[in-house]
Amino acid sequence: MPKSKSAYSVPTKKQKPDTYIFVVWVDNEAGVLARVVGLFSGRGYNIESLAVAEVDAVKNISRITIVTTGTPQVIDQIRLQLIKLVPVHKVAEFKREDKNVIFKEMALFKVVGKRNKIEKCLNACKKFNPVILDETKSSAVIQITALRREIDVMNKKLKPLGLISTSRTGAVAMTRGAKIFN
Amino acid sequence: MPKLLTGAEIVFKCLEDQRVEHIFGYPGGAVLPIYDELKNHPSIKHILVRHEQGAGHAAEGYARSSGKPGVVLVTSGPGATNVVTALTDAYMDSVPLVCISGQVPTHLIGTDAFQECDTTGITRPCTKHNWLVKDINDLSKIMHEAFKVATTGRPGPVLIDIPKDIQFAKAKYKKPNKEKKLNGKSHNKFSQDQIDELVKLLSKAKKPIIYSGGGVINSGPKASQALREFVELTGFPITSTLQGLGAYPGDDNQFLGMLGMHGTYEANNAMHDCDLLINIGARFDDRITGKIDEFSPNSKKVHIDIDPSSINKIIKVDLAIVGDVTSVISKINKTISKRKNGHSKSNKSNIAKWWEQIEKWREKDSLNFVNSDESIKPQHAVQRLYELTKNKDTYVTTEVGQHQMWAAQHYKFNKPNRWMTSGGLGTMGYGLPAAVGVQIAHPEKLVIDIAGEASVLMTMQEMSTAVQYNLPIKIFILNNQYMGMVRQWQELLHEKNYSESYSEALPDFMKMAEAYGCKGIKADNPGDLDDKIQEMIDYDGPVIFDCHVDPNENCFPMIPSGKPHNQMILGPNDQEENKIKGKGKALV
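Chain order of the listed sequences is F and X. Going by this note's numbering, 36 is the number at position 36 of the first sequence; the sequence numbering is gapless. Here this note's numbering = 1-based position in the second sequence + 1000.
Hints in this document: simulated from the structure, not taken from any laboratory. This one's a predicted model, so the numbers in the text were calculated from it and none came from an experiment. For glycine and all other residues, C-beta sits at the position ideal for the given N, C-alpha and C. Among the clues, some could well be false.
[Claimed, not checked] Some chain F residues close to chain X (C-beta under 7 Å, calculated; not the full set):
hint : residue
1    : Gly-42
2    : Gly-44
3    : Gln-81
4    : Val-86
5    : Val-88
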């Protein structure tokens, strides 16, 4: 008895997807981000977060950090497809659990409320290097750097304390120790 | 001080330095400066098509049959959007194309100007790479890089979008960088160890099969030569994908015919039962694999491909060899020969039993059909066409559908680059313009488009191109008045509800031929068929051949949806038992 009924590959025993972080070095030219992002959307890969900026103004190199989920086979495909793009120089990928890599995101919280509420907010953020970027009698803008899920938690926690607006970056990554990616 | 050239002049300088002889195109406002420059470059001949899609497919036919990149020149907006189908087709089938499109002047980009569209945005997912030239000083470098990207590694289409003001602006011309001749070596990432491992697998195999694909064709004629040696050295059976036909002689005894959905019984069963599967330049397409879970369940799998992203994409393999087919196979052949001198041990005796089994499968004669004296069977028409043209060096293109599969099954190809068909994208309307391109590349050869009446109407206007340039292409239409493949699936999957698959009000192809100024031939009687085909071959000029065939014929054998290789439908009698049910319908 055939179980599947299609000439197209039917999704079979699905492996569990894991979260991976891709770091991609690209020529900083028009349309390069669209190429990378288009590859993800066109092939049905998922993007959880994305951070991109030029890191070498002389060589015109930008560094794109993408958080994505996928089975090992999909992750392999993402790497191989990325490296085929003409403006892509280098691709590295890491499992989120990788202890040798630091992942960080930054968030800005705008809190409106009385002084004691803002103090409470700052207190709650203590673990995540809070910096006050702007302060008035009734408001404050607090910057923190943390992991994605920690920011998720803070986002929830600060709501009752007067958080009215959140702005956050995608994750960026760097290896520990003296080594760099190849 | 070197002379300053206009953008339009630089375009042609580059084309000359890239040894381009033909471009397929259609003029329009945003490319007029380039068209104006055409007259100063007699070594480059422009072929005026009737629709930009036709230009793209013609360039594909040109490229596939000659091994050189096809060049397309179109205007902005609709010119560019019309070529998108052809670019996607070329991307799926790895055909090297360089498409140059005009664009509105730079200061108007983004203003919704007349005939403006985001060409690089639209073509980004269907090209290997594309460029919008914003600075005249980048033009020569980009042009040369475009040719390099299109033709190296796994070939494919590229597009260069050149705004009109850039075509007028002036700059110095830069010659292409003289690079060390790499001969594709930069793409070879394999080691002798891997070759040795493969040779070891070869010597141990008892039920091996070679499955070759379009990569062998793309690697050049030497690859086909090496493949033939390899098959001879090993004595292994070989099957081929749709795109790989011709790499190995179709009439050789070691060739099992095409595999896949409409492949032969012996090829598909051999794929299913083998213990060693060697994929050379193919990509485990879903029309080949059938049901993934039950695909060749007991075999060690080897994959030779130039594109690392093709490996393990669909089927996990045991040994992957990344490299150009020619280099890899030559290396394997050398290694085998060396070993043989040492041990003179061949495993041909090991696989004798396997060949016995294959011969048993062969006895099923799965391409068989019930011929008729009253109506022309389409398979019979293709067979007669083959018999009457096999002694000429014939080039065949096709459209997409039943006729395409019958052509692949019954026309035997002995040389690479003789078979041009739209496999990956399955573009109806590919064959006629592709034949135009093939004939341009090979003016003295016989070029036939085996067509269906529905497909050919999609790009019929290119007959006008054929007449203009005296291209004696033969459009051999298997006219069954249906979109045959659609009708076949409706018969098998949708209880014969032939929803919109019957073409009412078909044109009179004889009158159509007359209107275009070419010859029309009509055949509806099996008795006259040979004479009529001979008349077509002998006529020096383009011909539309309207071959009326049995409208109810289906294309067999067939792997029904949801079944593995060893459960094929063989002929009309076999159908009832293998009805496709339930969920499979949605997934075909």
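We went through each hint and held it up to the structure:
1. Taken as an interface hint, F:Gly-42 checks out: its beta carbon lies about 5 Å from the nearest beta carbon of chain X, inside 7 Å.
2. Residue-level restraint check for F:Gly-44 is violated (minimum Cβ-Cβ distance to chain X is 12 Å; threshold 7 Å).
3. At its closest, the beta carbon of F:Gln-81 sits 5 Å from a beta carbon of chain X; the interface hint therefore holds under the 7 Å criterion.
4. For the restraint placing F:Val-86 at the interface with chain X, the shortest Cβ-Cβ distance is roughly 4 Å, inside the 7 Å limit, so the hint holds.
5. A least Cβ separation of about 11 Å between F:Val-88 and chain X goes past the 7 Å threshold, and the interface hint is therefore violated.
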